[in-house]
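Trainee: For what it's worth, the working numbering labels the leading residue of the sequence shown as 13, then goes sequentially.
Hints listed in this document are in silico derivations from the structure and should not be mistaken for laboratory results.
One should not assume that every hint holds.
EDC-like mimics (lysine to aspartate or glutamate), calculated; alpha carbons at most 20 Å apart, straight line [said to hold, decoys possible]: (1) Lys321 - Glu450; (2) Lys657 - Asp294; (3) Lys620 - Glu898; (4) Lys850 - Asp818; (5) Lys586 - Asp65.
Simulated DEER-style distance windows between Cβ atoms [stated by the list, open to error]: (6) Thr539 - Lys389: 52 to 60 Å; (7) Ser164 - Ser296: 51 to 59 Å; (8) Gly126 - Asn49: 21 to 29 Å; (9) Lys277 - Asn310: 52 to 60 Å; (10) Ile540 - Asn427: 22 to 30 Å.
By construction, the Cβ of each residue, glycine as well, lies at the ideal position given by its N, Cα and C atoms.
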Amino acid sequence: MPSNNIKCIFKDSRGILWIGTEDGLCSYNGKDFKIYNQNNGLKYNNVWSITEDNDHNLWFSFYGDGIAKYDGKKFHYFNTKNGLIHNSVRKLHYSKKYNCLILGTENGLSLFDGKKFKSFVEKTPLDKFQVMGINEDEGQVLVSVNWYKTFSLILDNDITKAKLIQKFEPIHSFSSFVKNNIYYSGGSDNFLYQRNLKTNTVKITPSNKIWDFTSDSNDNIYCASWNVNDPSGGLYKISNDKLEDITKKSNITSTSLWCLYFDKKTEQLWVGSTDKGLFVVDFSNKLKVFDPNYFELNKLEIQSLFTAKDNSIWIGARDNIIILKPNLTYDILDEKTIWNKIEAFLKNKILSKDEQYKYNEFKLRKGFTCLNIVSDKDGYIWVNTTHGVFCFDDKFRLLYYEFGQGNGGNIAFSNNDEIIYTAFYNNTFLIKNKFNWESSSVLPKENKNTPSDILKITKDKNTIWLGSYLKGLFRYTDGKFYSLNKLGQFHEKNIRDLIVDHKGNILVGTNLGNVYVLQLNKNLVKTIAKYRSNLEIVGNTITFIEEVNGYYFIGTNKGINLFKNHKLIKVLDKSEGISDLQINDCVKNSAGNLILATNSGLITLNAKKVIESINSSYDKIELNNIKINGSDSLLAKNIVFGILKTDSIQLKHFQNDIEIHFSTNNLFNAEKNVYRYKIEGLDNYWSNYESIDKINLRGLSNGNYKIIIEGKNIGSGELLKAKTIHLLISPPFWKTPLFIISIIILFLILIYLIVKTRIKQIEKQSAIQNTFNKRLAESRMEALQSQMNPHFIFNAMNSIQNFIIDNKTDDALMYMGEFSKLVRQTLNNSSKQFIKLKEEIQYLETYVNIERMRFPYGIEFNLEIDKSVDILKTEIPPMLIQPFVENVFVHAFDSDSKDAELTIRVTKIANELHCIIKDNGQGINTVKLSKIHESRGIKLVQERFDLFQSNAESIIINSEMNRGTTVFLKFKTSI
13 MPSNNIKCIF KDSRGILWIG TEDGLCSYNG KDFKIYNQNN GLKYNNVWSI TEDNDHNLWF
73 SFYGDGIAKY DGKKFHYFNT KNGLIHNSVR KLHYSKKYNC LILGTENGLS LFDGKKFKSF
133 VEKTPLDKFQ VMGINEDEGQ VLVSVNWYKT FSLILDNDIT KAKLIQKFEP IHSFSSFVKN
193 NIYYSGGSDN FLYQRNLKTN TVKITPSNKI WDFTSDSNDN IYCASWNVND PSGGLYKISN
253 DKLEDITKKS NITSTSLWCL YFDKKTEQLW VGSTDKGLFV VDFSNKLKVF DPNYFELNKL
313 EIQSLFTAKD NSIWIGARDN IIILKPNLTY DILDEKTIWN KIEAFLKNKI LSKDEQYKYN
373 EFKLRKGFTC LNIVSDKDGY IWVNTTHGVF CFDDKFRLLY YEFGQGNGGN IAFSNNDEII
433 YTAFYNNTFL IKNKFNWESS SVLPKENKNT PSDILKITKD KNTIWLGSYL KGLFRYTDGK
493 FYSLNKLGQF HEKNIRDLIV DHKGNILVGT NLGNVYVLQL NKNLVKTIAK YRSNLEIVGN
553 TITFIEEVNG YYFIGTNKGI NLFKNHKLIK VLDKSEGISD LQINDCVKNS AGNLILATNS
613 GLITLNAKKV IESINSSYDK IELNNIKING SDSLLAKNIV FGILKTDSIQ LKHFQNDIEI
673 HFSTNNLFNA EKNVYRYKIE GLDNYWSNYE SIDKINLRGL SNGNYKIIIE GKNIGSGELL
733 KAKTIHLLIS PPFWKTPLFI ISIIILFLIL IYLIVKTRIK QIEKQSAIQN TFNKRLAESR
793 MEALQSQMNP HFIFNAMNSI QNFIIDNKTD DALMYMGEFS KLVRQTLNNS SKQFIKLKEE
853 IQYLETYVNI ERMRFPYGIE FNLEIDKSVD ILKTEIPPML IQPFVENVFV HAFDSDSKDA
913 ELTIRVTKIA NELHCIIKDN GQGINTVKLS KIHESRGIKL VQERFDLFQS NAESIIINSE
973 MNRGTTVFLK FKTSI
């Protein structure tokens, strides 16, 4: 807090506590304090009064600096420049009925409706109209002015019509309060003024200076007192028209108290002092603490408890046995008193040697410890201590005493009033006559069913249950002991506490901090529930187990756990006033209250009131902020009074790192708020309850999410009102339906364009192919025509005629056969695009043979095929070589040529087939050679080459006069 000098306390409609001090303002949500200063818009520090209007705006008064309205985002200031009568404002009150603010200042009263001020002031003996109290009750507003009068403020919806009428004249008022038509005022001359507003009767009671009043849920009136110049003062309660000083009882260490606020929800009184800050007083009456001072002792370490039939509590403490009576008076049996009773009891008894030894030993001991306390059928109280076993009647007379065994043990009575006595680290005894322990029998240790090391014994009808800290659980039925561990029915060996509930179930607490709920059915014990330490149970050490109205109260090192229907409802700890969580024993009285034994005193817990206080869905879970990608600026404008005023959020796809902060404004036990959440649209599973008040969601994919936050307070058992957040993360533009549809449309258009282009390409290629095919057919025809030209046919026919005239019938027949063969081959090849090289060679041989027959001197023909050429697999276009061979017979040789020679050589280099046609004829001069290149036949061959392959050097012709001609042809082949 900004200062320990508290000037005002106010709880707003959101459940936030506001504290005004001399040095600033702060708020408290039950968990954290938030200080307001110039960094968050607060200009002034001296805050004297706080109130809230119908629109839930907060109003603050600053002594010397006017007032301010806080709308949750910004402070708006008003002072004398705006029409306020005086800047030193002591009191603020908001009339919800008349919707206006009433301001009491050092010199005058002002009304403010949010737009305009209306003020009142009168001349007073104090020379200033100092307003010390503004109280509204049952429709009337009373204004108290120090050293002057109390006025009735007559209000109207129009503040300009308001009137201030004298009501009565109290004496020197420092404060005022109205409750149930009683006007209370604290006077400056150290008195309490009480006036009945109906009967006008007045009562004046001496008191310290009273600066503030408040009332609780039962209309008890409390006063904050401070005498200013002396240390007198404190917290007072008006009871039966008397002032009761409850300062010490309320654990308030200051006598300089200034202001009060009573929270009816939590039944807590908040007390502001001028020197030691805030105090909180619990008036829920759930528990009462009896410290050592109550019993006039220096210390009070309690080990065991017992509730007698008369509802008195037997307290077994270290060195003392205390009997606390129902009227809260008590008797104490200290060590000296007890030894006096022992000596009186043993006075007429002759001690055995063993008894005398024990007597001397115990006499030398300093102090004793009470181990357990029980009663028998006759109602006598038996106290088992380290000094022995005592039996007292209701007058605390010692009826029987027995020296203990070793360091003591545990004692219990059967239905037959037999004593079962288990000594620590020693034997177990069964005593038939409770007043004669010499009749005891020792149970054999070798019997596995014999109980030993017993820490706790409890009884249920005909069964006694015994818990051992080493050997597990035992039961005693019909005169026999049974070890549940040996029977295989319950295997836990380290028992800490056990009880039997109203249904007959056995609750067993273990040293490991677990609690088992067992059920006995026809001598068979089975486990029906298990509460695990630090999971279902808060804490890991069991101190006690008890049951009230179906609720299990389980004490641990962390507090008292309440279970109902095997579910944890709430946890009580130091925040509820249980100052010592090391609880050594617990018993239940007839009223259902729990009596707790601690090392620092006795605590009585009103279990029924604790159960009744369990609320359902009272406080809300509020969003405080949502950080997006680490920044809280995106939603800052929606935060009012620290609460995010929206629960529906839409984000872009990259805004997917989300941190959700939330809280609950419950001032009592806020540190015990636990929360869980689930995210519908993500996993739909509830998280575990945790005290963490934020949710981290990293890398959320786009989608629609519903985040549900639930909570409860395990201190009060209150279920918090759940909060639901609707979160929409928009998909990136490439995942939006519009974008997807656009892409589909563009894709379809693209496909359409591609198909259309392809169709055009196919049509174009088809046209080119058609042109190619047409030209190919034409070239074939032209080639055929060139090969079968009339000149060649005429020469062939003329040669046949000459053979016939010369009676060379055989030559004529042979020539005709070769000629017909050539014609047939020409016709066959003309229909093919490619023919095998062998077929082309055969064709050329036939053609050469026919042409040679015309020359009288003959022509030598050489055909050379390289070994690398496979004539059976290699294919070439037809009718490309023959025209050049024909030129040899037409141009190279004539009828007078002698020693004529024609050579055709075929080789292969890489994927090319080379054909060389060489003759030794007349040759061709340059002019004639150029004409041959331009001749129709050569052009036709070149065109056909271009149709099948793109190669500018497919045909090369070289010639020299009188030395012959060489033609070089180049074919591309895949073989």
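Trainee: All hints are to be evaluated individually against the structure, with a verdict given for each.
Mentor: Hints versus structure:
Our distance criterion of 20 Å between C-alpha atoms is broken by Lys321 and Glu450, whose separation comes to about 29 Å. This hinted pair does not check out: Lys657 and Asp294 have alpha carbons roughly 33 Å apart, beyond 20 Å. Between Lys620 and Glu898 the CA atoms are separated by roughly 132 Å; this puts the pair beyond 20 Å, and the hint is violated. As the CA atoms of Lys850 and Asp818 are separated by approximately 36 Å, the hinted pair breaks the 20 Å bound.
Distance restraint check for Lys586 and Asp65: the Cα-Cα separation of roughly 36 Å exceeds the 20 Å cut-off, and the hinted pair is therefore not satisfied. Between Thr539 and Lys389 the Cβ separation comes to about 33 Å, which falls outside the hinted range of 52 to 60 Å. For the hinted restraint 51 to 59 Å between Ser164 and Ser296, the CB-CB distance of approximately 37 Å leaves it violated. Taking 21 to 29 Å as the suggested C-beta distance range, the pair Gly126 and Asn49 conforms, at roughly 26 Å.
Take Lys277 and Asn310: their Cβ atoms lie about 39 Å apart, and the range 52 to 60 Å is violated. Range check, Ile540 to Asn427: Cβ separation about 26 Å, and the 22 to 30 Å hint holds.
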